[in-house]
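Novice: Residue strings, one per chain:
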Amino acid sequence: MKNSKFISYSILLLIILSLLVVSDLCIGSVNLFSLERGSELFDTILYTIRLPKVITCLLSGSALALCGLLMQSLFRNPLAGPYVLGVSSGASLFVAIATMVLTSINISGLYFFGKSMITLFSISGAFLVTFIILMISKKNKSNVTILLVGIMLSQILGALQGVIEFMSSSNSLKTFVLWGMGSVSTTTLSDLGFIFPVYLMAVIGSFLIVKPLNAILLNDNYATNLGINISTLRIKVIIITAILVGVITAFCGPIAFVGISVPIASRLLFKTSHHLHQIVFCLLLGACVVVFADVICQLVSSQFMLPINTVTTLIGSPVVMYLLFKSKLNMV
Amino acid sequence: MIDIQNLEIGYKIKRKTNSVFTGLNAKFEVGALVGLIGDNGIGKSTLLKTLTGYLAPLNGTILIQTKNINSFSFQDLATLISIVTTEKIGGFNLTVYDVVALGRTPYLSLFGKLTVNDETIIENSLTSLSISHLKDKLMDELSDGQRQKVMIAKSLAQQTSIIILDEPTAFLDYTSKHKLFEDLKNLCLNEKKLIIVSSHDIDLMQKYITNSLHLKENNYFELG
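Protein chains in written order, with our numbering: chain A, 1 to 332; chain B, 1 to 224.
Rather than coming from a laboratory, the hints here were simulated on the basis of the structure.
Don't take each hint at face value.
List time: in silico PhoX-like cross-link candidates among lysine-lysine, alpha-carbon distance up to 25 Å [said to hold, decoys possible]:
(1) B:K135 with A:K139
(2) A:K139 with B:K14
(3) B:K113 with A:K2
(4) B:K12 with A:K139
(5) A:K5 with B:K135
Chain B extracted, bound-state conformation (with noise of 0.2 Å):
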């Protein structure tokens, strides 16, 4: 599914690059629930970006479904990985079904209508991480570990076969994490994704991961 070779990843600012992390090899196929863990400041979240098509890599290659993820449109890599990720969306009038209902933007037409089948899932999402009750409320109303929820549910109604996840731990109670690992181990299994979860939570996500990418000081990384 995902086929990382010699990858450099990193920013480029005007003519200068600034890399973070280089020589990264990694393959993982659908059903897969891979942790991702490192330091604060090793690379996660960039090399999460580069994975999603927002940052470009600097050297080496990414192959989705065996083709180079430069080669994809936005729009078609819109439909194959979504992100959840920590930054706060809120304001505008944003409810919590217009942003789950904003997951089916790759599929809709011009205007942005959605059809009998769009909704079908929108609900199906939300019921998945049971925050239904919640659909009419605005972001703004919610808790951190709620929103959380939401976004998941919005990567859900994107019906990508990659899930990729920034720290979605990060607000959750204890329970909350459990379930939220519970979720994303079932989607892995029954709707055959990989999903892709970078968390500071080692001991917790040790009991739900099958594979584990662990990227370390000097440009070394281990593959569990």
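The shape of chain A in the complex, shown without the other chains (with noise of 0.2 Å):
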């Protein structure tokens, strides 16, 4: 892809978020333009409300696309996706062991953490099935069996978080049915001040790894002969994206769709194979989907929130539906 042509599909899309974002804080159940400007109420919604509410769209919509089109790549499979290959549903599971099994054993403390527990919990639940993947993954060299393996580990954990949640508390299991269906509405100035530096390093981490993930989309054999360590590689990748997918699950909830999609639609949109341009579409569309989602969650109803999860899935489906059947197949 000329360079030229990368900044004008850049600076397209950016313009395209800054109208969704602009959108996005304007639209809610109250008129802004109905308050006066600068009086505490109006300063209430958009400071503390809409604003962290945006941000949390924008960075986890960009982190998921981002985690999915590492993964794509490692793998060599557009199948691949945080949630696919049961990261999220690792992390869920963590996240249902601390808010209903820790909650109810009520260790003395516990209360404190708070979020900061969550966060630990899905980070560590995101690592340890991305850890798994990994071991596999060494041991197997078809990317088939990991993709099955994933979507196996995926059920079982499902199952276990099954399993808590028949036996956990009707309030607690309400909490947690309601983290699952994913909210971007519950962060607060403070909790981006945690998520942002971490999202920070991620992204950092992933540009610089942006020459040996061009050479992988070979296949192992000649990214090796081409000077890549793979094991490395290997190991970036599954620490950017359990990280990433661990802090954005606690805090959003499992988001299902962007992950896997927004990197499939990327490609086809803009069809080039190069990581520094593709990581930047997948940011850029990916808070691009999740803002816009969002603004559609406003739209249908600004009495309840509707869950951000259906939103994103109903609405880009269809989108990558009609994109994979309008081009060349083989092309994602």
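Now that you have both chains on their own, put them together as the hints suggest.
Specialist: Here it is in structure tokens:
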């Protein structure tokens, strides 16, 4: 892809993203324009409710799309993604343990940890699953096997989660089920102060592995011959995705669809294999998708919040299917 | 250039070693076009994978420019030896140009940006296999033979003094096979490369190769 093309696509995506962000800030249960600017209510709604929510959308969308891209390239399979490989399920299960099991046995002091506890558990869950997949991928070179194992793993984790749900009290169950639907509206500015540095490090980290990611698109044998240390690359990708998926899942719940479909859409739309470009496109497109989904949520009903998961999937999947049918099938 | 001493090749799975061939001794210099001959399953591909550093030798040593292959980093090895296999490459928007450009990977900076010099080398590699007209095509749109040429162009772009080709003639028609071997021969002579080719087209190879290594049953081998 030519540099000029890359820049113009990026600017186009940025413009779309800023329009979406502005509309997401304006739309909601309260009409901002009816309020006096600078009044306390105006400030509260804009700065403590809507702004953190938009930033959460931006961070979660771009992070999950990035994870999907990294995993799809590493496994050279467009079916890979944090959800399919069970990484999200791992995070979910551990959050289930944290919210339902640990609160029921009432360890003193646990209450004070609250969100950071959930984050910690979520990251460890994501790490555990990615680590298992990594171990298997070392033993078995076939990408199909790895995907199948990922699917099996997420089934096991889901079943375990079911057991925990079955045994826990209705109160903690409700908290967990709501979390599981995915929400971008519960994060506060101070939460973002924690998410953002982690996010930034992971994004910078993924820009540093652009070259090996490009080479691994050939296959492991060729990539090794091009001077790429594949096991190091695998570990780097695993660490980046586990941290990002863990953190995002902790704060927003398991957001489906974005991770697997945004990289596919991005490849179909922008027709480039170079990861320096693809990473930028996926970050922007992923952010667009989640902010857009939130806008739709607000438009459909501003009184109660639609779970963002349903919207991303309902709108996004048909678009990806359309793109797939329209293009040469082997491009993905 | 390459000095193989008492080499044992094979796979290590867990703690079990599966030896494929043992006691191999051979020495090849630049300018040689070596034909690697042998029946299916005798260990040709294993030997080639060991020579590229993808598999570790079970025993014995491989010296490249008098230095043990184990002492090279992946990065250094990438500028010395390039490979061409018959594995299918494609998907992910990979175009012919992209694949050939990946041959420059060991020389590129952190973000994989091509310099003008890199671009010239890529263009030359495309031209020398007369596939310039295909450069914007997706890999998935190519025939097997064309794909094979792209991979060879990639290894030319890698600018290594040793090129290893595993059954490059497998998908080629009669004329293309001869053209390929003529090209390989010219590379050996003009650019002072050492090329090792495995193939079952023995009659074809005899016309072009300067040396041969014939692997036979019971760890018996013949150098020619």
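Novice: So, for every hint listed, does it hold in this structure?
Specialist: To see whether the hints hold, each was checked on the structure:
Taking the CA atoms of K135 of chain B and K139 of chain A, the gap is near 36 Å; set against the 25 Å cutoff, the hint is violated. Distance hint between K139 of chain A and K14 of chain B is fulfilled; the C-alpha atoms sit about 9 Å from each other, no more than 25 Å. Our distance criterion of 25 Å between C-alpha atoms is met by K113 of chain B and K2 of chain A, whose separation comes to about 12 Å. Taking the CA atoms of K12 of chain B and K139 of chain A, the gap is about 11 Å. The hint holds against a cut of 25 Å.
Note on K5 of chain A and K135 of chain B: the hinted pairing holds, with a Cα-Cα distance of about 18 Å set against a maximum of 25 Å.
Of the numbered hints stated above, the single one contradicted by the structure is hint 1.
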